[in-house]
Every structure is written in C-alpha cells, then in structure tokens.
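Chains as they are written, first to last, in the UniProt record's numbering: chain A, 1 to 509; chain B, 1 to 587; chain C, 1 to 117; chain D, 1 to 166.
The hints are simulated quantities; they were obtained by calculation from the structure and are not laboratory data.
Every residue gets a Cβ at the ideal spot worked out from N, C-alpha and C, and that includes glycine.
Hints may be right or wrong, so weigh each one.
[To be verified] Which residues of chain C face chain B? A partial, calculated answer using Cβ under 7 Å:
| id | residue |
| --- | --- |
| 1 | Leu22 |
| 2 | Ala93 |
| 3 | Arg97 |
| 4 | Leu99 |
| 5 | Ala100 |
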Amino acid sequence: MSAILLGILALPILAALALWAIPASIGDRLAAMYGSVISGLVLIGSLLLWPRSEGWFAYVPSQDQLLREGSRPLQAVTDVPWIPALGVRFHVAVDSISMPLIVLTALLTFVCCLYSLKITPRIGRTRSLIALLLVIEAGVIGAFSSMDLVLFFVCFEIVLIPMWLVIDIWGDDHDPVGRKRAANTFVLMTVLGSALMLLGFLLVYRQAGTFDLVQLTNSPVLGGHGVPLAAALLIAVGLAVKVPLWPLHIWLPDAHAKAPTVGSVLLAGVLLKLGTYGLIRILVPVLPDATATMAPYLAGFATVAIIAGSLACLAQTDVKRLIAYSSVGHMGFIVLGISTLSQAGLHGALFANIAHGIITGLLFFLAGAIKDRHDTSDLRTIGRALYARLPRIGGLLTFASLASLGLPGLAGFWGEMLVLLGAYRPADSLPRTTYLVFMVIAGLGTVLTAAYFLRLVRNLCQGDPAENPASAFAVDLSRIELITWAPLITLTVLLGVWPGLLLHQWGTL
Amino acid sequence: MIATAWRVAGVGFSLLVVLAAGLLYGVSPDQAAFLNSSVGDLTIGFAVRTDDLTVLMLAVVGVIATCVQVYSLGYLHQRAASYHALVTLFTAAMVTVVISDSLFFLLIGWEVMGACSYLLIGHYWERRDARSGAIKAFLMTRLGDVGFLFGIFVLGLGAGTFRISELDPAAISPGLLTGGTLLLLVGVVGKSAQVPLQTWLPDAMPGPSPVSALIHAATMVAAGVFLIARLYDVFSASQTTMTVLAVVACVTMLFAALCAMAAVEVKRVLAWSTVSQLAIMFSALSLGTTAGRHAALFHLVTHAAFKGLLFLCAGVLLHQVGSAAFVVLRRYTRRGRLRKALRVTFVTMTIGLASLAGVPGFAGFFSKDTVIEAAWHHARDGSVVGWIVLVSVCLTAAFTAFYCMRMWLWVFFRTPALAGALGAFEDENATADLDEPDTSKLRDAPWVMLAPLVLLAFAAIALGYVDGVHLDWVIASVSTVLVLLGALPAYSLWSRGADPRPVLLEREFGVGTAYHVMFVVPVQLLAKLTVAGDRDVIGGYVRGAGRAGTLASQGFRKLQTGNVQTYLTAAVVGVVALAVLAGVIGS
Amino acid sequence: MPLILPLLLAVVLFCIGVYGVLARRNAITLLMSFELMLNAVNLNLIAFDAWRVDGLATGQTLAVFVITLAAAEIGLGLAIVLLLFRGHGHVDADAARDLAEQERQETPELQEKGAAT
Amino acid sequence: MTTALFAVAGAVAVVAAVLVVTSRRIVHAALWLVVALGAVAGCFGALHAEFVALVQILVYVGAIVVLVLFALMLTRAPTNPLPNLTTGRSPFAAVVAGVLAVLLGTGVVIAFGNEKVDPVPAGSATDVGTAIFKTWVLPFEVLSVLLLAALIGAIALSQRKKAKED
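With the rest of the complex left out, here is chain A:
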C-alpha cells in the first residue's frame, strides 16, 4: 500500500521532469496524451488506495483503542526521518479523510489533462502546462497525505508556484496586466497566509516538541488561552487565506477570472480544499481547546462569507467571477461546518469539500466552454438565450447551477444540510444560541445562492433568441467536453442520491 502512495506522489513529479526534458517540439497533442496517461495512472493508484475500513485516528486516544474497535486508521504509512536535527520526518499516510480528497485531486487532474487533448489555452505551450498540472497534482496529494506539519507546509507551498505560473502565463490573453496582477495577488496573499501558518506550526512545536501529526493528535496541545490560542489563531488565519474565508477572499475572484479553464478547475476544485483540509486535519485535533475558544468567531466569519459571497454574486457581470464568488459562499459553509466541531458539522464539511470540488469544477469547465466560444466571459457581451444557441451547454449549466445551489438529490445538498444540522446542535462547549443565529442566516444564504444562480441562468441561458442571434462558429457540446464532464456529472448525481458512499467512510469522527 505504501508503495502505491509513494508511487502516486513520485510519478507526477518525475513525469513532469521528464516532460520538460523532452524537447518542446513534441507537440501539444502528444504532451496532453502523456499527461492523461500519467494522471490516469495516478487516478488508478488512488482508487486502489481507497480505504476499506472505517474510523479516523484523530479522536482515538491510543493505538490500543484503535485495535479494540477494529478499525484500521492509517494506511500506506511511510515514516522515515527527513531532517533529524529538527525532528522533521517524511511521514505520509492516508485515511478516510484524506482519501476522497486524493481521489478528487487525481480525478480532476486527469479530467483536465484529457480536456487539454483538444482544448488548450490560446497561448500554447501545452507541454509546460501539462507538466505544471502534474506538479500541482503531486503537491496537493502530498499535502493531503502528509502526517508531518513541516511536510504539509512544504507541499502546501509546492503547489503555489505552478499555479502562479499557470495563471500568469496561460491566463486571460486579452488582459496581460490583469492576469499578472491576479497571479501576483494570489501568490502574495497565499504566501503570507502560509507564513503565518508556519509560525503557528512552530508555536505548536514549541509546546509539544514534535511536528508529527499522529503524535500531536493523540496527545493534543491543550489549553484554550495563551500560546495554544495564538498558535490556533495563526494557523486558522493562514489556512483561511487559502480557503478563502471572508475577508481574506479578495484574491479569489481575480485569480479565477483570469486563470485558464484547467487552472480554474484545479484552483477551485482542489487548491481551496487544502485550506479546509488543514482546518480539519490540523487545527481541530491538534489544538482542540483553542479551536473551541475560536470557533464562534470562525463561524461568524463563515456566515458573513456565505452572505457576502452570495450578495457579491448577485451583482457580478462576469460569469467566471460569479462562479468564483460562489466558491466564497460555499467555502463559508464548509468553515461553518468545521467550526461547529460537531460530528454532523465535520461530516458535512468533508462532504461539501468533495461536492464543491466536483460541482464547481464542472461549473468552471462550463464557464470556460462558454468563454472559449464567445471570447469573453462578460455576461452582457455573451448575450442571452444560450438555450437556443447552445442548448446542451445551457442545459448543463442549469444542471450544474441547480447542483451548486444545493438541490436535494444532487451532491451539493448533503454537505450544506449536514453543516446546518451541525450548527443546530454544535459541540457542547460552544454557545448554542449563537450557532442557531448563524444557522438561520446561513439558511437564508442558501436562498440568496439560489437567487444568483437563477439570475445567471436567466441572464445567460434564457431570453429571446431573436435578439441574440447565434454566432456562426459556436458549436454545441463537443465530444471531448462530454467525455471529460461525464464523470463529474455522474458523481454529482451519484453522491446526491447516495451520500452514504462517502458518509459511511468517516464513521464516527
């Protein structure tokens, strides 16, 4: 098992290096095919790793109890010293929390590579783009599987630079200054956040004397004030930039609006999850008391994010920005779920993580398709009546919008529902009345979410076809689009009707 994990970590990196070693003249098509094969292999590997047991090591005090309850918590463990002087170890493993996210990462990367077979940014240089995507994949999988704070930090950072390049080089070709600015803002804010996070890690190290997550989880840093609180605050702020939590979200709309389609998909589908994963994996188990002290404030910001994100969407005129802002709202739900510290909330957050990755990935693919066909993502320039011009894409957009607004029966619902359920009954140490208020506001946020998605459908898909004649060259859903989107659509429906597929993985957190 551990060989598979090491394999899916190393394969994309090595493949990317090999790809750069090959002369640039191999052609875009071949590079994309190469990327598809590699990421396909990673996907297969990640599916082989899929855990067959329940349980999570985090809330289980000792190894003995684990064995008694009959759950195998960590799989594919590799634990070797890395920087012995600092006590840093190369400790990677997977469990049921990280596994779905790893599979999601592998899937989205695979889909992005497949998509690049036919549809690539106008700037060209597909070979480098594919290589960067593979590096991102390796970094993200590394972050999801690392059981050491420093290793997590390193992987967290590895992802940034390729993403910065992706936005900077392959971004919106009409606006070089804007895409450079967006990329810079993205990388600067995220680096600032991760610097704060590293400080928090160091404080944890000072208190506990180890960077190892397994040890830290089993003997957490207790105390809700002083140094633990400072550490929790630093880690939370650092991760909140990545999530992004209001008011640290400002990099997100720009980055998404300027990024190429595959960049947006990976950014929204995978990179944002690093933040929430960090909150669940590090903040909650390692600093439980401090997190409890902080949780109501975190929940407050999350609630503001839900409302502010939705309101901002209502006033957007750019389809990619709109979807980006919708991410702010959805990630707000996830953070709210985490900050309830209850089982339902955490389950909800984990579920919403996956669902958001799938649905928003699909939405960004659709937005990219619409943008490619009209050479702009501005709603007013695109015009209306997409149902008449591009009926299949319009229909899929409506489907994805409905999924994203949390329609029961599609994947988006269960996460939000469980989060709200968690807010209805948060952990015992938290002020319940406050959370009830948050729950009601968040519930109204879902109505606002519906409002802006319906506005999008109304302004884009519906309308009088006579006033918005079809462009001559606009073709409806192409085969490659259908192939690449099909897994996302299928998963959206599958997880919607059978949430247990994921929920039972997590057992009792």
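Once you have looked at the hints, place chains B, C and D on chain A.
Same frame as chain A, but now just chains B, C and D:
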C-alpha cells in the same frame, strides 16, 4: 426521436404510477429503509412506506400525470423532449414525496419538485413573464424550504430519528414540537402558496397549461396538504401550530378568493382559486380532528380532478384561441362561436366550474360540505378555531361561486347588455373590442387533448359519490344558498355588462409590489454594496499593502547610491554593531 | 615579548586601513589601504605562529600565501582602476556610481498590484 | 631585544600607515606605503619570520608598490596636493575606524593580554620551504592556478576594453 422516446417514457411512467397504486391497494402498511449511513448518533438515509394515504396520493398523482402527459402529446410540440422529461421527473419527485418514510427522502422529492416547476414554468423562456415567474416560484418555495429543513432538524433531533413512522409526538418536548411543526409549516406555506408566500403561484401562469394542471392538481401545491396529513399526529399535537395554520388558511382563502374575483385571465383566476381551495383543505386540517383530515383529503382528491380539468380546458383555450385573457376570448364569444366551436371544452369546463363552485351534485359540492361539516362539528364542541374556519369557508364558498359564475359567463356567453359591454375588460381602447377575429378556423382540440378532459370531467362528478353520500341536509342547503348568493350578483353584473374591479383587488392588495420593495430592492442594493465593499474596502487593504511595499522599496532604493564606499561603510558599521551586540549579550 | 604587542599593532594598522578604504577618494589609495589591512592580517598570522609553535610553520606559510594573493589582487584591482580611468577619465571612487539603479519607468505590475477588483 | 626592535618597527609602521591614508599627495602616499610595508617586514623579522620578511620586501615593496606607482602614472595622478582628498564621510569613517579599533583592541587585550611570545628561529627559508613543499604543497599548487587566473583576468580586463574602443 428523443422527443418520442421521452413521450413514451412519460406516459409509461405515469401509467406505472397508476398501476403501482392499484397493486398497493389493500396491502397492509409497511416500511423499508435503504442506503442508510450514520452521522454520529443520527441515521441519515432513505426509507419508503406504503399505507392508505400513499395509495390514495399515488392514484391521484398517477391519474393526473397520465392525463397531463397524454394531453401534452397534442398540446406541445416545441422542445418536447425536455418538457416530457421534466414532467416525468416532476411526477417522480411527487411520488417520492408520497412514498417516502424518511424526512430527507421526502425533502429530496419536495425540492426536486420545486426545481422542476422552475424549469417547467420557464419552459417558454423567450418570454419575460415566464422567466421572472419561474424565478419567483423557485425562490419563494426555496425560502419556505429553508424553514422546512430547520423543521426537520428540530423534529428529527427532538425525536432522535428522521423516519416519519418513528416520529412520536410524545417523545418530543412540547416546545420543540411547536417550533418544529411551525418551521415545517413555513415550508408548507411556501410550497402550497399560502399567505404570506402566495404571490408565486399566480405568477407561475406563463408556464404551459398542462404543467399548471399538474402543479395545481396533483403535485407541488398538493404536497403541502399531503405533508400535514402525513405528519398529522405530530401537527395535531401542537395546538399553537394548528391555530397558526387555521389563521393562515382562513386569511389565505379569503384573500385568494377576493383576488380571483378581480382577475381578468382564465388561468390567473384558476390560480387564485387553487390558493383559495388549498386554504380550505388546510383549514380542515387545522381542526385537528380525524374528520377534518378526512375532509381535507377528500377535498384534495376532488380538487385534483376538477382543477386539473379546468387547467386543461384553459390549455385548450390557449391552444386553439391563442390566449386565455378575458378580453381576447370575449371577441370570439360575441360572435357566439367559442361555445359552439369548442363544444367538448365548453361542456367539460362547465362541469369543472360547477364542481369548483360547489353546485349540488358535483364532486366539489360534496367535499366542501364535508369540510363545513367537520368545522361545524368542531365549532359546536366550543372551539374558536372551528368557528373561524366555518365562517371563512362559508364566505369563501360564496366568493368561489361568484368568480366561477363570472368567468363562465364572460368567457362563453354574449352579454345581453347594450353594445355587448364594450370596454368591460379593455381599459385603454374600448373600441378595440370591436375587432372581428377570424373565427372560421376555430375548432375543437384533437382527441388526445379531449380524452383527458372527458375523463376528468367524469371524475369531477363521480368522485363526489365514491366516499358514500352522507349529507347533512341543513349544511347542504346552507351551502347551496351560499352558492346562489355568490352566483346571483355575478349574473346580474354580467347581464348589465359591467365588471367592476376594485383597484385593491385587481392589484392583489399590492403584495407583489410590496415584496419587491421590501426584499428584492434591498438585496440588490446590498449586493452592490458588497461588491463595492470588496473592491474599495477589502481590496483597498490589499492594494494598500502592495502600494506600501512599492513605496518602501522606492525608499530603500535611494540607499543604493552606487558608491562602493558607502556600502562598505554600512557593512563595517554593521559588523561593529553586531560585535557590540554580541558583547552585550555575552556579558 | 608580550603577544599583545603585535596584535595591537595589527589592530591599529587594520583600522588605519579601514579608515583609508572608507574615506579616501582616489581608487589607488583605496588599494593601498587594502594592502595595509592585509599586512595587519599577516602580522596576526606571524604573531600567532610564533606564539603557538606547531612545527608546520602554518602561520608563516599562510602569510606567504596571503602575500601572493595580495599580488594577484593588486594586479586585478589596478586593471579595474585603469578601466575606470579609461571609461570616466578619473579614478575617483566616490564619483563612480555606475552601480546605482538607473531612474527608469516604474514597472506597471508594481504600481498596480492588487488594484481594482 | 626583539621586543625593542619590534616596538621601533611597529611605531614606524603606524606612523607611515597614518601618512599613507592622510597624505595629500598620492605619490607621497605610495612612497609612505613602502615605508610602512618595510616596517612591517621588520616586525616579521623581529618575530623570527625572516623568510616572510624577505618575501614581504621582495613582493610588496619590489613589485606591488612599483605596480601602484605605474598605475599612478598611467592615471595621470597629479603630484601636487589635492584639495578634496577625502570624501565627505571621512569624519564618520574615522569614528567607525576608531570604534572598530577600540573594539578589536579590547577584545584582543581581554583574550591575549597575558600571553607571552618566545619567538624561536623557525622562519628560515629552509623551514618554510620544507613546510610549503611538504605539508602545503597542494594549496600551493592551487594558489598558482589562482595566480594564473588573476593574470588572465587582468589581461582580459585591459584587452576587452581596447577591443571595444577600436
């Protein structure tokens, strides 16, 4: 090709529902759970059940859906594939609601119905009113659904289960019970278009008429009534909730009936009448007695028949004439052609209206009487709620008779008044009434559309007798008098060629506008404010940080003079300072 | 002989060299001051060699090496000074500011970083 | 005896060094440098490092200073006193140098204040030569390469400029 497949699938599915209802009839109640997963101490998953209520609703849904699907074969040719697919999904969602034994499973059906209604109302998305009507429908029901979801939380966590059959009102503390049922009621109010979330239903009329029939007769709005009937034990255990329900229902039935009296479009009249009739069902439920529940369900079934019929008739008018507005229909009527050309439609619609109005002998009469009777028995036991319900239902019966009569006369008959009552509906240009439409091509709809009409017309009479006729003659005669009291003024106004419409009623009490001003405008303002805030406040900090960095770098750049000696001086000073520092720290 | 004597002499010579490097204008004088500093270092090497006799003559050998290096350094240094003279017509170290960043147009992304959303 | 010799040589070296950095005439400064370096060579001799002293005189006085004088001639250094001999920072530079001297002096005194040197005659050419060619032969060879590199560098620097001027 695809369209044909979906047509077949749609009709087949609805027949399957009917078949299922037939097979389940008489089967002893049972439940089954599947796809469960536990979250902490809660179990979240799906469950189905079968009992009398399920079978009854399945039958209603199946029959209406079959009628609608068949009718649509003739009615709709544009974008038929997506239409039939959505109607099928819509039916399936309602079936889900009906057979569900898990609150979450129910919620899935509940909200998927909302989404389907949104998509179907927006079927003619070229039209502005269809677009806004669709959005309004979805958002208002969604708002109610938030309350519904919270209600599920309260009740589910209170009872420790999300299974409907295991929800025991005795196990839930009274406070939670009242809170939970009130929250569920919010969802019901949204779904069934009761006050104060009533405005979406009349605005949903731009959708295709068969869809309206489906929404109004068997699915969507009926789901609210069904839900309370399903959770009747829980609801009736909370007196507060039942009182609130009664008040909401009574206000709604009068409000909606008044609005219907001033509406000038067939479908809008019918929409308001649906709101009003649903309120009658809710008022019966709010009595909290077995008789009340029975009366409500009885009325639900008869209402499904005659309301489905009426909407399908309106569809024929729309399909054959091109409009269902009084002002257009009357141009045909004045030549006397409409009644004669659309003979089947005229007859069936007359039956439907008679049933709706509660003319003795028709199904609506019996079911409404059951409601009045239940209310009377409850009132006689000294219940204030009973009295309120009784009075409101009686008033509503009169109002209903008024607007049914008004519509029937104005649509199908030439007024005996001078000049054919020019300008009764045409406000701006009275002489436009004199335009002579070409009536030569006017003929009745194809048989696929008429067959459902005939079937439903039969049901609109016969359903009154399936429950066994047990009339309280006093109540029957009182309600007959009420019908007459309502119908006579309508007749006299018509015969004088006048149709006074109070502004307040015509504008539907200004609720829609008020909501727009109260909610939509502030939200839009807030949205602009948020974007501006993001750009100028939060973005301002980020930009400020960037600018501060730039400024600092410009400042530091001044230090870089290019003079090597300066650099060296600084370096030596640095070394000295560090040495001093080390000495200080070391000592 | 007290060890402190050569050491102090080295300190004084070194600091005179530092002063010369920091204060003189003429580039050649700068080089001369460097030589003074190197000599101070050599002095230290010799003194410590004499203090701590190790039989390998480490200090003296190193001093010889340093002298060699000094020769190389002065060769290169003078070549640079000559280049400076050819280019500018003077050998004033204070006036030679070619290393300073030229005033030029601000790069756009610095100016507008994080601008309008 | 050696102490006295050393003291005299040291005093001469200090005075000459001060004159090197303060002389208004650059040529004079170069000549004072000769004195200073010679005095330092004397110090070496007093410490029984005769070979190094000789090398000092040969290389420094014989080669380096001559090179410096050539450079002065090539750069047309004026022989008359210069008005702006030092930069505006000279007082500050003096302070810095003084503080550095005090600091280093204090450090040296604290560290080695009581140590005695008993110079033994170990600085003969034989001894040092043996050390260099037995123990330090490898660094010596490396050093030769470095010298070569410096030589080439100096040539390249002067050549390239000429080529450009042409």
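Against the structure, test the hints numbered earlier, and report the numbers of the ones violated in rising order. none
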